[in-house]
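S.K.: Here is what each chain is made of, one letter per residue.
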Amino acid sequence: MAELRRSPLEGVALGDGFREVPFLSQIDLRLNPADEGARGAVESVVGPLPLVPNTVHGGHDAAILWLGPDEWLVVGPPGSAADLERQLRDTIAAATDAGPVAIVDVSANRTTLELDHPDARAILAGGCSIDLHPRAFGPGRCAQTLVARAGVILWQLDDAPTYRLLVRPSFAAYLAEWLTDAIPD
Amino acid sequence: MSGTRAPSDGRIDRNRPLSFTFDGRAMTGFAGDTLASALMANGVDVIGRGIYTGRPRGIVAAGVEEPNAIVQVERADGVSEPSLRATTVELEEGLRVQSLAGRGRLESPGDAVDAGRFDARYAHCDVLVVGGGPAGLAAALAAGRSGARTILVDADTELGGTLLGTRDELDREPALDWVRAAAGELAALPETTILLRATAIAYHDHQDILVAERRPDARTEGRLWHIRAGQVVLATGAHERLIVFADNDRPGIMLASAALTYLHRYGVVPGQRAVIYTTNDSTRTAAAELTEAGIEIVDVVDSRDGRAVSGSEGGDRLEAVVVDGERRGCDLLLVSGGWNPVVHLFSQSRGSLRWDDGLATYLPERAVQATHVAGSANGVFDLDGCLREGAAVGARAAAEAGFGDGRPPVMPAADGGTAIGRVAPIWFVPAPEGETAEARMFVDLERDATVADIRRATGAGLASIEHIKRYTTIGTAGDQGKTSGVVASAVAAALLGQEPGALGVPTFRAPYVPISFAFIAGRDRGALSDPIRTTSIQPWHVAHGAVFEDVGQWKRPRFFPRAGESMDAAVLRECAAARTSVGVMDASTLGKIDLQGPDAGDFLDRVYTNGFAKLKVGSCRYGVMCRVDGMVFDDGVTSRLADDRFHMTTTTGNAAPVLDHLEEWLQTEWPELRVRATSVTEQWATVAVVGPRSRDVLAVLAPELDVSADGFPFMTWRESVVAGLPARVFRISFSGELAYEINVSTWHGLAMWEEVMAAGERFGITPYGTEAMHVLRAEKGYPIIGQETDGTVTPQDLGMEWVVSKTKPFIGSRSHRRAENRRPDRKQLVALLPLNPDALIPEGNQLVAAGTDLGSRPVPMIGHVTSSYRSAFLGRTFALALVRGGRERHGEAIVAPLADGTTIEAWITDPVVVDPDNARRDG
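Line by line, the protein sequences give chains A and B.
Per the working numbering, residue -8 is the first one in the first sequence, and the count goes up by one each step.
Per the working numbering, residue 1259 is the first one in the second sequence, and the count goes up by one each step.
Calculated directly from the structure, the hints in this document are not laboratory data.
Values in this document were obtained by computation on a predicted structure and should not be read as measured data.
All clues given are correct.
Pairwise CB distance ranges (calculated):
#1 B:G2159 with A:G59: 55 to 65 Å
#2 A:R80 with B:G1969: 20 to 30 Å
#3 B:L2132 with A:P24: 51 to 61 Å
#4 B:S1824 with A:P24: 52 to 62 Å
#5 B:S1277 with A:D110: 30 to 40 Å
#6 B:R1885 with A:D61: 18 to 28 Å
Glycine included, C-beta positions come from ideal geometry on N, C-alpha and C.
Looking at chain B on its own, in the form it has when it is part of the complex:
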């Protein structure tokens, strides 16, 4: 026989029937059902199959610890979720449920995208109570009444915990009346928050607890809470555990407390003829309660009497069990192998556990954070004790958070209630036929793992529970071994001839229950997945058809194609304009740092490889920064604004790291230096006007400014009014051309850009993007940090000895004297000119010496390509590369073997391939 619905009883709403299907069969349940209780009421015995054995499996538990009833659930809106535990799915109208064989599916059958909204919420409280059973409610009342900011979270749909599935009384009234009154009082407290359907999944350092809240009727259907709690009360309850014997996995064999919960909470009669197999007092009233529901009690087998169940018979449903060698016909076996306090969060918080012989399980021992444990999570199993401990712990937690006097409030008296007494554990029952039966003694039902698997592990010499866990996979399934972990540890101990508790349990890991990625992503999806940073000139770029490139979080114009123009053609055109007439680019993203103080020049001398202290006010200088290892960190132009003030520029990507670097050295190494560094990256918009006609454009825009070669020489800057706007103009060049970088307030960036475009129109001014910028600088051999460098490249490797002072110390200078950094065969920067002027070597390609046998293994590689472009100026391709001893190889041939098996041969030359005398730049 199978489960049926009782004619009355339960906390379901029999006036609200709900239709659903299971593997295509139409079924009906009621509001208040879980999917599991509805399936059981519809007579479903087999919900899953052992993943390896294929054996039929039914519902074992009534909560989150369920190992078998794992299903795919498709909601009425077409969104489908895999691998849900039927015991934790609230029944709703129109669910389509499939049993799962093999792997779950992430996608919906109809490719429906889960448009469900998830978000995050940060919360802070004085006392967080996890678990809304009797202990948790008592703790929350004690804390809440003190005025402490209190949050109570519970995974269930209503408060009450185990009381929802029992008939316990308090002060001679139904315990649930007290639960209702307590919930009402808590809801009315202004500083107390109750979260239902909210599972605490992780307890991190610094009292940071993650709680996943399901919100089925809200616009935001899931919320991940990040709760920072002054004090934490864990009232997480306990999970009953199974007893291992041969064929202990048949549908109809379930946890005793679960059977009673189905009966009392959901009005489901789980079978007709029952055997109870117990090790403790928690099943004391079970027989009477089942009898009252019309279930025949065939036998009560108590380990404390030396009796045992050693086997079972049946197919898709239990038909009989073997008790002390005798067959007992039954369709239901209620098992209570003992109770495991839910110590997952306590353990995650780094609290230690201890073995308790009387309860035959692990209990919290010593907290490391501000953590308190109450109720059955702490090994207290009688209702009276849970209430009293909850109240005491809640009051103490509040007092430690600075609220109340720590005295616990009075709690109602429990009449009877359920205690478990001393547990006489049976870890596994030997079968008459001996060890061969051990392959049918299931320890971890979700992983389909048995005593035989553990025996193989211990037989292979494994003695650590962490090793045994990984060898057998016990405890690694979605249920994380909630019903099997302690059993597996004790079975392994027995096989190793040790006491139970000798091996401990494997480390508990977050999350306590599986959560979907949607919870983790929250609102960080689509356009909000990461900030898109844009400059003040962005509206113009968009309006003029720029193709954008991601540079970190920045969107930068890569090129500005004309109608029908390819990227190659556009970049060649943009480069040609900058070399022959005038181009303009948005350089606003460059990092900018304002340095002030009497020691600013001295400080720069220390952070740059070259000298700045003697730089004249009004002048600019290119500088390179190294880290202490002597490798290039960043570069840029720094200008002297006043005796005690400099304007530093950094690469776009290093704007923040350079500021951090400066602050670190100022704060930790040289606090005596009177220098302050302030980021002004976004104070200034930068318009770079580049090319032989750039002076003409500037002359139009700034008629009062002397723009002559003598009046405004290369590597100087001027404060001026440009196009009517206050500006700093820097005559610096990242292209090798005559060029000016006009800095105005970010508010004026777009206006300045438009003024430059208008003034340059008669010269055919051409906006260009990052790609043309890369080509122009590469033609001059200017490295890009992060492209030519990778943290292993010194300034000397780049051929920049001229920028490295030999007379003053700077960050990295000692490292430059290391023998390794002076080796002549280090990779050095060179340019490559392919023999075929149309051949473009892929960036990143390895390089070998001419004549290398490419059939040999390993192929001796002597370098790699860092940048590779088509040059409009040269009318050919070229590349930059780092080549071993490259400076001594100018004029030699080198070979780039491509992935497709072909090769490109090239000449090695000096890295500057355009205007080596800088006549264009200095004109």
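Same shape as in the complex, but just chain A:
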């Protein structure tokens, strides 16, 4: 049914240096990291959870983002969410020592803008109040913050720097217009 999918920014003209990465799989995980049974079951499926606030394990195609003391976002390639959710549920159900884990498919709840622009830092600094200097925020870091008036999960992929902005579909057009309007002079 892929042909019936429509990404939030389909048909929207985007400025140089950024693009939509549509249809990424995203699973929101909520669990108590001190619950070793639950954490072990989850990690046997997705790999180790990042426990340092605002850090990321993994990269472009598969990553786990720390969103809160008991919340992670697992990001995977398009089309993988249903299998991953099933695998997680089955594994946790089988783990007799696991406490409750909330698993929610939120793949369509946000789309992804990838910003790969020589002035990416300056562009973001026009509307994002967190410190993006390499001493403060580098590859493998993420943060839930505002860019202009849109709430985003900001995630730095590499040293270039390339950033991903995960944004609610309803805010995507606004955010794209704001980024297109940015002039880093």
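Starting from the known structure of chain A, fit chain B onto it as the hints suggest.
M.R.: Quick look at chain B alone, frame taken from chain A:
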């Protein structure tokens, strides 16, 4: 005589003449001039007028503290700005300048829209240095060399501060050579940023400093920086102050340091015959410097010798001053009444100030944030001391931010330099004729306020400087009393028989200088002024001519007019379709929250007024949430997906507040409950298919789904494939009709909508918007949160006792037992049927009992209208209203007096006016 251009000297580019006009007169200046220096060089004496007295006023200062030279400036592109200080306007080609009498104008003469681009920039640093004079430069060098991320901001066009207007030397070379070398070194440091034409306007909590940067040659002409600084060094300098005497406001009377700055920096000779009136050593070399420029020194009057200037003569230009009772002919009076450290930002940061008797002014006392002060802002007035203190403070700030060892770098030695020594202040000079002259002793030139005004204030019993400020308006003008505040405080103290410094100074407030709204708006203009949120189905709505309504940030279709159709007609048609055949609406904006965990049912029992723990998997239930005060907060349908999982819906506007509410209770009150709440509002697109033929449409789309009344009853949900797409279908109704809400992934929202339209075509499926939705639900007496409720309405007031459990506690349950919330005369929800079936009562209209004398005052009001519509089904108008004791008044008449003096009479009825038995919904 007036000002003239010196044949040489100054930091202006005499090879780049610039033309401009002042009040229509053509003039020429040079690149590097300010508007003020160019006006002075063109012999302009009078630039403004006292706003009350109309007295002529000339240039007093050379910087941001100028109280008089306020002008309207129209640029070559037609954009005009009001109320600019000529001393801070860089001269450019083609400026048209007008002196200002009265109020400034916001709009351009030619209605030119200011298309100038402004933006914002967030920045973070270890050390922020405010001020690029000697102290600030030394501090920036010390911090920058340590590797600390350093930002140096200065309001001027180049670094150097006061050195730009003096002939000071460092290590026996011109001080400006050192400035140039320092600027070059700073510019080369990778982690150091220099911002020129950048004024720090506010110092907020948490080291948050706002800086307004003018960028005349860039595409973005103004930028508001939000700088978060680990450490802040304030090297903001000091403002010289005037001395108050009779007729101290004549053009030609100016601050001594300003006169020297015009001479040295701009090559402008400010007059021909000068008297110097001083209280301190800062004017020590002034006479020699003026003499060298060919200015005759008539007298040097030093307060420390017990001498005083007590008056002046002249018209549009100073002609003489009275010194110790004798007339001295002159066209220029240089005044140095002392120096006020620029403590505005320090004070804004909540640092305290103390009075210093030797300097006769206020100095920074104790910092509250990570704030350091250096140079004359800290009362250090000699160049050597400024450099050394700047270096020490810069190194210390860097060390406190974790960079360097805190040892200050070596600075060059100042040869001579200017110190001010002990100040012998003269706050105001009594006139021979006595108090009558006090109305000509100007304290605040911009506000045209005098010693007489202060005497009136103290005479009226005011003893607080904050009260005196408001009574006299001193310090409330655009200059915020930069030259007058300390003087006014000391004058008031003298009149109250107290010591100077006894009253303090009024609170300093941001912004330090006025900035335009364009700076504040930045790029948040036009389409970017606020996000416009749209659903996945928006392209269809636009293509089919929807008229949109703003619902918070959402754009929702309000109705879908056919060609030439009015809103009333379209809404009636849309309502009729939903009641007689089938309608469809985009309900994607409803809030959705996924609740998981073994205690989810228990949690819902606590947050909803009714019970959910026993809800069967596969079933849905309508619920109402209250706040602790028992008032309705939100409502919606929540469905059980599994034993430990629910799907909650909220109203569109409360999607985020409800999630916050749930998280707050889970995190702070009931952390033992094993429940997690996750927003899935935008995971799902929702297509509501509504009306007697909705079952037929669903049957076409989901052939494998049993859609029969028994197989898929009201208030249940099914997971199914619909139109080939994975979907959750909820049989719930916000219209009172047979209805299904089809939820699919947001990616599939548009496809599902188009499939529904295609499947419904044979039934005449009709898209409808929020207006028809409102009418349909009102006919059923369903309240809308925020329309029927306003935070003072209980579920019982809405006639919904059935949704309030009497057996379990929930948020708000105790409040429902309060006597006030049980009063029989509370406003209760009713429907109104106007006697004239065409009469539409305005929403919000007040209601009075039938027979009320509308001539009496006050008119006793017994309720108000919350919703009012035309009903296609009833063929008449109706309204919902909150009426005192309304449930006991069914069948009574009520009157709505309209604003135009007419009245509409109506019958009060039960709020459900269509299908009270729910036969349509449950069919």
